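**Student:** Heads up: the sequence lines are chains A and B, in that order.
So for the first sequence, numbering that gives the first Met the number 0 puts the first residue at 0; every next one is plus one.
So for the second sequence, numbering that gives the first Met the number 0 puts the first residue at 0; every next one is plus one.
Rather than coming from a laboratory, the hints here were simulated on the basis of the structure.
No experiment lies behind these values; they were computed from the predicted model shown.
Glycine included, each C-beta is placed from N, C-alpha and C at the ideal position.
Warning: the hint list may mix true and false statements.
Unchecked claim - Once the Cα atoms are required to be at most 35 Å apart in a straight line, the calculated DSBU-like pairs of lysine-lysine come out as: (1) B/LYS510 - A/LYS146; (2) A/LYS146 - B/LYS514; (3) B/LYS514 - A/LYS44; (4) B/LYS510 - A/LYS275; (5) B/LYS123 - B/LYS71; (6) A/LYS41 - B/LYS514.
Unchecked claim - Here are some, though not all, of the chain B residues that point toward chain A, as calculated from beta-carbon distances under 7 Å: (7) ILE487; (8) LEU504; (9) LYS535; (10) THR537; (11) GLY622.
In case you want the letters, here they are:
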Amino acid sequence: MRVYLHSRTWFIYFVMVIVILMTFWHPVVLLISLESGLVWWKILKRRLTLGHVLGATALLGFLTVINPIISANGATILFYLNGRAYTAEALVYGFLFASVMVCALLWSVILSEVMTTDRWLCVCGRRFSRTGLVLTMVFRFFPLFSKQWHKIREGQEALGGTPVGWRETFSLTKRELLCMLTWSLEHGFVTADAMLARGYGSAKRTYFNRENYGAASVLVALAVIGAFAAILTAAIGGGMESQIYPYVRIHMDGAKDILGFTAYFLLCHLPMISCKVLREERRMRS
Amino acid sequence: MQNKMRKRRHNIVLWSLAFVLLLASFFDAVKQSGALPTVYVWAAGMKGTGFQGPAQADRDAKTARSAEELKKRCEEALDWKMKASGATSAQDLLDRMAAHAGKSPEDWYVLAMAKMGLELDYTKYANALFEGCKDPEPTDVEQYRRYLVARAMGYEDIPGTAPEKLKDKGIMSAIYRGYAVAAGRASSSFVYGETQSALIDLKLADGGYALMGETSDVDVTAFVLQAYGALLGAQGKTAAGAELASAVRDGFALLGKRQAADGGYASFGTANAESGAMVLLALASFSDEDITAEVRNSVHANELIEATNRFQTAGGGFAHALSDGVASMENDLATAQVMCAYAAYASYLKGAPGRLYSVKAAATPVVPTTEKPTEASTEETTQKQTEASAEETTQKQTEDSSEETTAKGTEVSAEETTEETAEVSTEEAAEITTDGAKETTSDTKTTENSSADTTTKEETIENSTSAPTEDPDIEKPEGGSSTSARTIQWIMTAVVAGLILLALLANLFSKRKSKLNYILIFAIGAAAFVFIWMSKITLPEQATQKQQQTYLERLPAQGEFRITISIDQRIEGEEALLMPRLVTVSGDDTVFDILQRVTTAYGISLDYSKSMVGTVYVRAIGGHAEFDRGAGSGWVFLVNGVPATTDAGSVKLNDGDVLRWAYTLDLGKDVSP
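Can you build the whole structure from these sequences, using the hints too?
**Tutor:** Here it is as structure tokens:
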């Protein structure tokens, strides 16, 4: 029996994870999302190079050091840089901001891997079918565009050789850009004609999708929503708080914090719990 | 090959974005830095031209002799006390008195010695005083007095209950509390107002005050007036200040009525030295700006001094009362109190704060532990050094500064260069209200000022290998050449170097490798290094001291005046960022200029943005930023209680204005007074 998750379940899952990651700037939340993101990374068989790690660290350090120069907020003045206060709180803020950025990048890669075009169409469903169509076309356009550009580049270089100097590079790029413009227009016409030939717009379209809600999908969706509700309860009750300005105050104790963090941990790891789901995911990808 | 091209373009976009970001922040910082040098250059320029107003010069010429006389009598009295207790020197006397620290006459003696500007090591006395704090149940009055004596000796953090926390109801408590609240950094305006009104509530029908009953007592009235002087000096021309001023007027009027024909005062029917001393202290507690000449002249000060002089015995001490018109028996309390009064009045005559318990600047806190070195002792040594250097010839000075490169050598030369600038501005130094405790004469004032400057300079010059510059006063704070600022620069350099290394490694390990990446990384790194080493790094303490001493807390010169500023973040149960404070500003200063200086002076962070057309928006003060507490929250300012209608960069103030920065929760609708 095939066990897979419904596209909407996936959608809810990613939205909840990323929303919580971006709203709670809490070190524990960040750690959890980083850890689960790396697990995902492994599941999706992406390689984690040293370059990734070093690049992320450099970005982290860069943003941390830069933030106090831009923002002089915070009560603890370390020193004055050109007459503006360089504060400890701004450093912390910069670090947290950079960490959130890194985690969000990580998760957006996972999102784009898992949420394929057909899944987006399914998420949009019957009611928002037009939106879904536009969305998938846009999603399709970018890779198609870059692929085509690459092809044209190869063709141009085959004709005229590798450009030397910025002048040649510039003129080549200009030519390529013109090619791309005409190509995309032409491609648009072709697509429109093809759609017309298939009867688009002539009558009310039917909606079909292969997926149906299995027990797993429903359960996972409910669990995700339940975890989100638990986190919300904890947050409303004052848990999982992290205050940066004017003083850094980070909550780490108390039943509410534990509830919130556990819920988030479970939320992040929910689809991974079922091996069958992951096996199915892998099968779809191979 | 084609692959490489494609990737390179991709990288160009990324790196140029980062580069532009860095450049933007660099230029922003350079633009911002424009503000600081002008402040310092301006302040330094003021120093040269001097703040000496005509009134001040007149007063000095008239009364210099009188101040000298008072000082001489103080020294005679001290000699008597030393002889009487068998002490060999003033220091010895102080150490001997430590056995009775916290007791009434001894504390008065220490106050007098501090006010006379004697360079003594107060460590032993202070330690004994703080030992006394462990006393399980001291009375409130004892605690206040202990607190104040410690403040007068230059200590900042005093163990025991904070003065504003004590809530004893008696008048002596109220007086001492007024003093303590004014001397310390009061924790809220509530305490100010409460302390003040507690005293004013005790006012009797005739304008005086008494320990009990309905008949005013001279001693108590004079004592209350001293507390008013302290409160007025700390609070400024606010509405509460006006109420205070009327109470002061009434008080002096009563004292004028009670003055005897010979100029002296009597308490419980007996003419005595202490009452006169108290009245003199009350007079000394107010500067010429605080009260009008009319109020001041209701008491005849010169006659009072003459009358008090009659209590001096042949030995030099002062008697409590006269027997058959002759002072014969010295009295400890009388001697100590008259010494205090004379020292304080001499200080007032010289234009320095005459308040008895006026305190040191809060910028140099001293933690009173059992450790040996204290501010008093360090100051003593630097002061001695300064005096020594003042006597040296100019040639010797230049030799010193050019040849000796040791820490001590540079220290001395720094003091000498300061000495020259400081000499011009003796009066300015005298008017710095926070440096009160030890200023009595012109000489000590000069040394005081230069020694205070020197303590800053000691840090800045110590490890710098270069020869001391012409005018360290201007150069040092912005030059970034101080030891600690350098350390910060090196730390930042190390961090940036580490980041460059990381970026290089990341580039090495990633699949996309291109020369341009390396070039860009190095370019950004170089720009960062240039930025770090071109930046002016100022330590908070340095900036604070500089602003407080040279800018905010001095007498207004031509085209300058005083305003009251407060910064209130309006959080229940949290003390305001800045209590109402009198600061000297120039007529050209905008509200934002003032805010910038005040926040620097009191170590409060400030975040703002300037638009292209010059309007200023204050985003955050002290870490309390806009939108922190709702969509309509942020900082607004009120001038004399009227909410502003334009930006802070375009509003200028007038003499005596009250500026209030307040955190609003609802677009300024909730901060009206």
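**Student:** For this structure, which hints from the list above don't hold up?
**Tutor:** Failing hints: none at all.
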